Amino acid sequence: MSREKDAANYAIVFFVALSVIFLIFPASKLAHTARIAVSYSLYPSMHYGAKYGHFVRNVPVNFLALLETDQENRALKDKVRALELKLQESAAAVSENDRLAREMRLSHALPWTGSWARIINKTPADWYGSFYIDKGSDDGLDVNDTVLGMQEDRAGLAGRVLEVYPKFSKVLLLTNSAASAVCAIAPSGLEALVEGKGTWLLKVNYVPEESALAEGAEITTAPGGLLFPPGIYVGKVKKVYPRESFMNFITADVAPAVDVNTLKEVFVLKRSLPKELLAAVQGASK
Amino acid sequence: MSVLLEILVYLASGGAYWWWTQNLTMFGLAPNLIFAAALSAAILAGPVKGMTWGFFLGLYADMLGSGVFGGYALTYSLMAYGVYVMKHHFDMDSPFSQLVAALVLSWACLLFYQGLSMVFSSINPTGLKIFLAEPFLNALAVPVVFQIFYWLKRQAGIL
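Going line by line, the protein sequences match chains A and B. Taking this note's numbering as reference, the numbering of the first sequence is continuous, increasing by one, and the terminal residue is 434. Taking this note's numbering as reference, the numbering of the second sequence is continuous, increasing by one, and the terminal residue is 160.
Hint data in this document are derived by calculation from the structure and do not stem from the laboratory. Small disclaimer: the values here were computed from a predicted structure and weren't measured. Don't take each hint at face value.
In silico DSBU-like cross-links for lysine-lysine, where the CA-CA straight-line distance does not exceed 35 Å [what the hints assert, rightly or not]:
id: 1; chain 1: B; residue 1: LYS88; chain 2: A; residue 2: LYS153
id: 2; chain 1: A; residue 1: LYS345; chain 2: A; residue 2: LYS270
id: 3; chain 1: A; residue 1: LYS153; chain 2: A; residue 2: LYS234
id: 4; chain 1: B; residue 1: LYS154; chain 2: A; residue 2: LYS153
id: 5; chain 1: A; residue 1: LYS270; chain 2: A; residue 2: LYS318
id: 6; chain 1: A; residue 1: LYS153; chain 2: B; residue 2: LYS50
Using the sequences and the hints given, assemble the complete structure.
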């Protein structure tokens, strides 16, 4: 027991002496550099604290330079990440600028007057049915105004204004299953009804079976339609279906001129139709 | 073989503390596993080995910290000596006595280290939050660490 006590006393004296030596002579370059290397690897953040000056005293300059390089490297990596984000934002802005410039150029060439509006909301449940635009009655929009979209450097029929509010409006797309337009099929100018199907495709109906309806034929709005001005590009015939035995007309699928999936801005046409005609149009659309 | 195993346990204790402080802190607080290991070793081992463990675990803590170098080594060596003395008067094997000892010794160590820092480098290393909360976390950690060390002692013959 006494031997153990002696050993304990010798041990505590030894360890206290060793610790005090460390405490009194803490700044030997070798010990301090080893310590800073270990702790920097485990706790690099401590070097940003207020104790930095105390911590790095007497550490060789080249080692300090190494630490500073590491910190500089971290800061530069953060900066690079921030710049990459900015670059992505800039690329998006440039792309939007290009698109808007092209659309503006196209709208100047149109024979109709109107105003640009931005699509502000598309409803996933009614993707091919309608969307909202950021212009309303305050901007002079009326119900049944024609809505055009610009696609592949060409204006195409997107739909018509269905509801108008002071600051925004709802647009009924031509692809909506409740929408239709009287159209002319090139080259003969044969008039037929183009209807929405609720999908990305349109359907052309009531085409006489003897007419030469060919795939790829271009369809534009007909002068006979009251809702839309004539000559607006509607789409191209994609597939012609053979006549059913019980029908005396043929139908066809039409690829619309405007792809709603890529549409971001629309051009709303202003038309000055006679009041009586407008009343008839609104009566027909209800 | 047992020396190698002890070195491994020593490194694992320090590594566990470092990992805990990096990943599991709550409100900036974590139990001081190095302290818990030093106290458990002091309870389980004889006086010389207990103090050796305390000294080297203290050095590990000194390496990790930015305070006075050798401060923790001295603190934990003295703590191990204190535990050796206390063991003659108190039963340190039960979890409750370990819990109380951890609570009291944590505060004693924090105050002693604080004093060393003030004397040797005029810096105040311990925040009030740590001073008030860490001893309780240590008190919870010590019985667990003690059981692990006890199991290692029985299985592998360390300490």
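Quick rundown of the hints versus the structure:
With a C-alpha separation of about 13 Å, the suggested pair LYS88(B) and LYS153(A) falls inside the 35 Å cut-off, and the hint holds. Distance check on the hinted pair: LYS345(A) and LYS270(A) sit about 18 Å apart at the alpha-carbon level, within 35 Å; holds. Straight-line distance between C-alpha atoms of LYS153(A) and LYS234(A) comes to about 70 Å, which puts the hinted pair past the 35 Å bound. With a C-alpha separation of about 23 Å, the suggested pairing of LYS154(B) with LYS153(A) holds against the 35 Å cut-off.
With a CA separation close to 10 Å, the supplied pair LYS270(A) and LYS318(A) stays within the 35 Å bound. For a cut-off of 35 Å, the pair hint linking LYS153(A) to LYS50(B) stands: about 13 Å separates their Cα positions.
Hint violations for this structure: number 3 only, all remaining hints satisfied.
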